[in-house]
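Protein sequences appear in the order of chains X and C.
In terms of the working numbering, the first sequence is numbered consecutively and its last residue is 470.
In terms of the working numbering, the second sequence is numbered consecutively and its last residue is 421.
Watch out, some of these pointers could steer you wrong.
As the list claims (entries may be wrong) - Straight-line C-alpha distance at most 16 Å; calculated EDC-like pairs for lysine to aspartate or glutamate: (1) C:Lys221 - C:Glu248; (2) X:Lys278 - C:Glu147; (3) C:Lys358 - X:Glu455; (4) X:Lys277 - C:Asp309; (5) X:Lys263 - C:Glu415; (6) X:Lys418 - X:Asp357; (7) C:Lys107 - C:Glu147; (8) X:Lys381 - C:Asp341; (9) X:Lys263 - C:Glu145; (10) X:Lys259 - C:Glu415; (11) X:Lys120 - X:Asp135; (12) X:Lys259 - C:Asp420; (13) X:Lys218 - X:Asp187; (14) X:Lys245 - X:Glu77; (15) C:Lys190 - C:Glu404; (16) X:Lys120 - X:Glu320; (17) C:Lys308 - C:Glu331; (18) X:Lys381 - C:Glu366; (19) X:Lys381 - C:Asp367; (20) X:Lys139 - C:Glu145.
No lab work stands behind these hints: they were computed from the structure.
Residue-level listing of the chains:
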Amino acid sequence: MALTAMSIYKNLPKTNCKDCGFPTCMAFAMQVAAKQKELTACPHLSEQAKGEFSEASAPPMKLVRVGGAGAEGFEIGQETVMFRHEEKFHHAPAIAVKIAAALSDGDAAARLDAINKAQWVRVGQQLGVRAAALELDGLPADKAAARAKALAASSRVPFILMAKDAGVMGAAVGAIAGKRPLIYQASATNADAFIKLALGHKCPLAITADSLESLADLAKTAKDRGVSDLVLSLDAKNPAKTLRQLAIARRAALKKSFRALGFPAMVDASLDNPARETVMASAFAAKYAGIVIVNGLEASELLPILTTIQNVYTDPQVPNIVETKLYEIGSTTPDSPVLFTTNFSLTYFCVAGEVERSKIPAFICVVDSGGLGVLNAYAGDKISPEKVVKTLEAQKVPDRVKHRRLIIPGLLPSFRSEIEETSVWKQVLIGPENASGIPAFLKQHGKQ
Amino acid sequence: MQIVDVKEKWINRINTVTIGATRAEGGTRARTVTVGGETTLPLLTFEGEIPNPPVVAGLVVDVVPPDWPDALKKAIGPEINSPTEWAQKAVKQFGADLICLKLLGPDPLGKNLPADHAAKTVKALLEAVDVPLIIWGCGDLEKDNVVLPEVSQAARGENCLIGPATEKNYRTLAAIGKADKHKLIGEAPVDINIAKQINILLQDAGFDIKDVVMCQVTAALGYGFDYVYTIFERVRIAGLKGDKHMALPQIANVGWETWKVKEAIADEDVLPGWDRLDKRGPRWEATTAGGYIQAGADILTLAHPESIAITKQTISELMKGDQ
Ligand code: SF4
């Protein structure tokens, strides 16, 4: 819950000793309330005040790390809003792909290899599977441990260890505890043993129950026993109900400071029908799971989910821009065509993608339009023939090509005459209005 | 432990809009389609009701779009060359709830077909299928101003949903909507303020906005989807909070927009490692539709039979209660 400066001040020593770097305790309290300073910057807090504060000032949804430090793991949780336009969504959900227990060692290794390779670059960002969900039930404990160990040794991503049996789970967690796998999952029947495992191995723990009420109880039990890296786990038997539960848990945590549900959530969305799985997993990722488990490992199954995450977790307050520079697509030569576009990343990546698709190497000069697309930039006076010509010069494009042909966006036909009259670019070609027309256009006009 | 009560109190109901007219109502449709009427956000039936599930409009184009990939054309079948046969197949085999006819033929940058050609297509379609019809202009507003009035007259009394009405042509659309008794699509260029403004303009032009469905120039997944998704959410929240100019059902033209983007039209030779297009394309379309349903879409247009089927299934699953 957000603390007011006054409620913080009440619990400070009120000595104005300045050790925190602020002239008065009140000034310090205001900084803490504004989340500019950590309360611990005051060295004179009483133990009692510390206890009260740490509970009250903790974020309403816990941040949970799965896997090792840095790129070897990922963080989920600590979300602050229900809708991205209210601020932004902070920690993009991880997609985890299942490795079935019934697979042979060789097949399991092959599947992990495919998970390692399940990465793509889309509009300049790396997208990919971010966890392996290793099913262990049915394997003897020593076999489970050996498999976890062998696979973890060659894995790019952290593990979710899936088992109901505490003996099997204990052996597997023990084998890779240093990699901080997510223990999946404590339920009414095995909670005691699984909480012990999470505590003993310092690993995050997924918890599940047949209602949100019992889930909150289990979360409280785990927390009271010292395990606070928890993930609320739901199944996808009734996706509508699950989506409602995800919304209720998030609202309870964020809007009502309901601590027992103040944890990130996850959904096992693995379904037999791949298309259905893709659509439902995307829905869970958009609202509001931190981890989504799937079966599908084909690009056509994963890319729609990953792109949904990419879009929904885009910060709506930050203009999406690319660097204003000269981009070279393919192996360009001094004869390659030159196009210009704006620095709105979506515009740029659409143009770049289509140029790539044409298989005709080309230069793309990106002009600073303040992060606006072509039409909006033109309407808002953010782009002009003069600016285009100056940018081309600044990027030394006339030195890079022998010709003086410039392809301009089809939405800016009026730029043609001014550019031709005022610059070295004597042959201005009006390109297509839609990026999708670029390949055909380049095939016709791009070559000498 | 008892979970804290998280229910929001919404104070307004989203308008209901009925498309199509039966014989008794002055048209020739066998059934009508009603959308809207929500008193809560998508899915959140614990604090309001969703009386009408979202519907799927099978996309039919009067001329085969030149950029559509073979995989899509093949999935639709040879009927793609005849709007009437295509529409019949979309209803009978694909399971579309209604038909959305996109009039690409009149586009001056394409075939530049005359208005009476479009009117004939509409008439033929109304005879070929008995579900309600959405009619979507080519987007060239000057041409639409010529074509849509003729089309509207050809479908007089059928209570079609016609658009797009934009800031520039809303007067024409308001006039034909009133004269021929149709519903209208108000379309804004990914701008929530303009979206509201269009509704106000239509109202000022004497058209009842209870007969309007909003559209935000749909973005396909990966191509500005985040902007449009957020506008859908903001419009719905504003409507439920009492803004009468935002309390309108929303349409997402998913089919038309999806089959332009690289992920839905480029095969593995262009996108190595991105899997076969015949699998990727329909999933791109269905996932885009699923996203908009979560954000507040009431009508989805879809082209590929597989994504129509998945989306119908998605809708029925998302409309389920907790049991
Ligand atoms: S260090 Fe603590 S006691 Fe000293 S001025 Fe700052 S807040 Fe007050």
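Non-conforming hints, listed in increasing numerical order: 2, 4, 8, 17 and 20
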